Amino acid sequence: AQSVTQLDSHVSVSEGTPVLLRCNYSSSYSPSLFWYVQHPNKGLQLLLKYTSAATLVKGINGFEAEFKKSETSFHLTKPSAHMSDAAEYFCVVSDRNRDDKIIFGKGTRLHILP
Amino acid sequence: SAVISQKPSRDICQRGTSLTIQCQVDSQVTMMFWYRQQPGQSLTLIATANQGSEATYESGFVIDKFPISRPNLTFSTLTVSNMSPEDSSIYLCSAGRGYGYTFGSGTRLTVV
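If you're matching them up, the sequences are chains F and H in order.
Every position in the first sequence, counted from 1, becomes a number in our numbering once 243 is added.
Every position in the second sequence, counted from 1, becomes a number in our numbering once 71 is added.
Derived by calculation from the structure, the hints in this document are not laboratory data.
These numbers come from a predicted model, not from an experiment.
It cannot be assumed that every hint is accurate.
[Unchecked claim] Examples of chain H residues toward chain F, derived with CB under 7 Å:
1. Q99
2. M102
3. S113
4. L114
5. F174
6. S176
Where a beta carbon is used, it is the ideal one built from N, C-alpha and C, also for glycine.
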């Protein structure tokens, strides 16, 4: 069965500095990996996804993530944080060749310091 | 990608009653999923609903408490039965396959 571990429950960075949100996954089959963002009292928004094409995936709002099979990681990065990036971020895994259900990580709360 | 309309968006219910949440998808989808998001926590998968078959429930969730219907390829309902305050959560539906998923906007349920 697939699983996903977000290594940090909270991350704080200063505005204008890089963001790194870490995610490791476990999957028996060919995984699809996603990052979603949830702003307070808002719905889920897809940031980016990996589905077996290019390992470096670019998403919206300047975010990107790199799929590293050897490390079973899919870390989310952004070169320069903005105040509007403050939100909850979820790493999500799906086994494409199995039952397609998606499993959410526990989430990382990103705080942006002025 | 598909668009999902979920309703109600929120409700306040008395304990012991039931609430049915509806999700309508604007295109035919094979797989639909129901999630619960308790306050301050991540999303937990309740069940997978495929059209024409019984829903598959995850560990800790049972059909008597969360009956699901999937009458066609564009619609599904989740009922939260015999509610208690512990059922206060956001409930979300989702549709898609391994290449992409869409989420409903969620139902914020408060049980008093």
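Verification of the supplied hints:
1. Below 7 Å, beta-carbon pairs count as interface contacts, and H:Q99 has none with chain F, the closest being about 15 Å; its hint is therefore violated.
2. The beta carbon of H:M102 is positioned within 7 Å of a beta carbon in chain F (closest approach about 5 Å), and the interface hint is therefore held.
3. The restraint placing H:S113 at the interface with chain F holds, with a minimum CB-CB distance near 5 Å, inside the 7 Å limit.
4. This hint holds: H:L114 has a C-beta 4 Å from the nearest C-beta of chain F, less than the 7 Å allowed.
5. At its closest, the beta carbon of H:F174 sits 5 Å from a beta carbon of chain F; the interface hint therefore holds under the 7 Å criterion.
6. The restraint placing H:S176 at the interface with chain F holds, with a minimum CB-CB distance near 5 Å, inside the 7 Å limit.
Checked against the numbered hints above, the structure breaks only hint 1 and satisfies the rest.
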